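These protein sequence lines are chains A and B, in that order. The first sequence maps to residues 1 to 226 in the numbering used here. The second sequence maps to residues 1 to 401 in the numbering used here.
Because the hints were derived from the structure by calculation, they are not lab data. Fair warning: this is a prediction, and the values are worked out from it, not measured in the lab. We put the beta carbon where it would ideally sit given N, CA and C, even for glycine. Don't take each hint at face value.
What the hints assert, rightly or not - A few chain A residues that don't get close to chain B, going by computed Cβ distances all over 12 Å:
1) 29
2) 39
3) 155
4) 201
As the list claims (entries may be wrong) - Listed below are the simulated DSSO-like cross-link pairs for lysine-lysine, each with C-alpha atoms no more than 30 Å apart in a straight line:
5) 128(A) - 138(A)
6) 102(A) - 388(B)
7) 388(B) - 97(A)
8) 388(B) - 83(A)
9) 102(A) - 120(A)
10) 119(A) - 97(A)
11) 75(A) - 391(B)
12) 391(B) - 138(A)
13) 102(A) - 18(B)
14) 119(A) - 18(B)
15) 170(B) - 191(B)
16) 97(A) - 391(B)
17) 206(A) - 128(A)
18) 83(A) - 391(B)
19) 138(A) - 388(B)
20) 391(B) - 102(A)
21) 182(A) - 123(A)
22) 83(A) - 102(A)
23) 138(A) - 102(B)
24) 18(B) - 97(A)
25) 388(B) - 75(A)
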Amino acid sequence: MLTVKNLNKIYGTGEISVHALRDVNFTIIEGEYVSIIGPSGSGKSTLMNILGCLDQSSSGEYILDQQSTQSLTGKELATVRNKKIGFVFQSYNLLPKLSALKNVELSMIYSGVPNEERKKRAKEALIKVGLEDRMNHKPPELSGGQKQRVAIARAIVNNPSIILADEPTGNLDSVSTGEILKLFDSLNEEGKTIILVTHETDVADKTKRMLSFSDGYLIKDEVMNR
Amino acid sequence: MNFLEAFYISLDSIWSNKMRSILTMLGLIIGISSVVTIISLGNATQNTIETELSSLGVNSITVYLNRDVTIKPSDKLIHSDIDMIEENFSDAVMYATPSISKGGVILSDVSETNVNFTAATENTFDSENLNMIEGRFLNDFDSIGYKKNIVIDSDLATELFGSGLATGNKILISTGATSQSYFVVGVYEMKESLGGFSTATVYLPYTTMDAMFNMQGILDSLKITFKSSVEDPNLEIKYIINSIERKHSNIGEEVYSTFSAEDLIDTVSQTLGLVTLFIGAIAAISLVVGGIGVMNIMLVSVTERTREIGIRKALGAQYTDIMLQFLIEAVTIAILGGIIGSIFGAIFTSVGGNLMKIDSVVSGDALVMAVVFSTSIGIFFGLYPANKAAKLDPIVALRHE
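Could you build all of it, start to finish, from the sequences and the hints given here?
Okay, structure coming up:
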């Protein structure tokens, strides 16, 4: 469902160029729960941007759902992001002036889902993450764990192929971290493909497969025994 | 994303930054309200002046001696010209009236009043648009009989006879060496004059006046009133002038000039129109300044909301979605400013109209122009910030603090 072949990413040109990813190869199949781990500067954020179709590689191939993303235009990439990718960010990235419900509706606005259905699906997603009584609260009125759950609801509402979580527990206390990871577990059990980028091994330990990066190389690809 | 969604998002954003939105609109409100006020009041003034001038008689043309050429005694307009015109051009001409005006004094027990003596025929009543408030106007019998009858205006009547009736009284008029007694047969209504103060005009039978000043039939000028069926008096007058010239044997010497109220209206309208346009154009500069204000705030807004733009892009917003969102926001601010400005413009117009004592109506043109203008300003000055927002790289935008 997702294949990366000889992926390279070079920022800048000539002497000052930075080789962020070097000949990365891996495949993730539907329903996997994968962590991408590595220290800062290991290239994991770059990989995350490319997997999330926010950026394109310098060379190599990234195939998502049998579709090569290498030659897509900005407009087509936006459509891929909208339909196939659900983002969860470390800093939540919710729009502070919109209610939880409105925030969850956002991606559906851009995919042209009619108003009624949009509301219905947003409510369902919020119920799924356990926020049925916080739907009309705005982000500043929510705790960190609740904000991240809104973000997860937003990520799953458009039924994407993969959920890309970038340090989703980085700003959370241990209790909230546990809750969020449990939520990812249950989503994975439902069959959702989840890629979780982190630098914390405790978090990576909760996933089923770990891709370790260092200096732009994929150095280890191990299946976790849980 | 459809247009309506973009509109809601824009309204949300304008609403959540109320103070800033209002301040941004202020420039446009001031600009639009002043343009609307100036154009509306300009049009109203023009209408008022046109109406007042039309009361002078749109359908009449005055023939007078050209002051730029040397006049021979034989060139002078005389009373028989009037008979000639009324006879030969009876199809087009309703009547022609002589115009002779001389200064003189009315003597009373206690005072002397300067007046203009003006020669009149029966038709002068219509051609000068007079209204009698007492008695009657002069008629043909007065002329034929060289009667010493006089018609005075209401102000003079009050001055001479207080609140009582003027008609039936005798007054003494003096024309230098001699003074004679005249009989007041009527009082006409004094019109509000454009110029404000002016010397009172009193009417005498033209024959009486001719004799009094020993004019021997010579006129200052003559006024021709055309039938309403005549479409172009200016064309007709050419034939009339031609036949006057033939009568005086001075064809082609350009001894006679003409003047019509229509000429005056045209000149005044044109001048006023230009002045209005000029002041309006100056006011329109404030619109441009207002537009720059819109652009400024939109640029601030784009910078402030860089992260929001990043989030929206990550969630699948395309170039056109972001473009539309910010453009609609700019246009909405501009149009709201335009509407509020128009309302203020309407208020200023009616207040100004009251102060200037003219019938002021908010000009529809000005309102349409206000809306079209503010929309164009929103689009023109919103395009650059909106493009800047839509072009943002999502990764950079998401990292923005």
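Hint numbers not upheld by this structure, sorted from lowest to highest: 3 and 23
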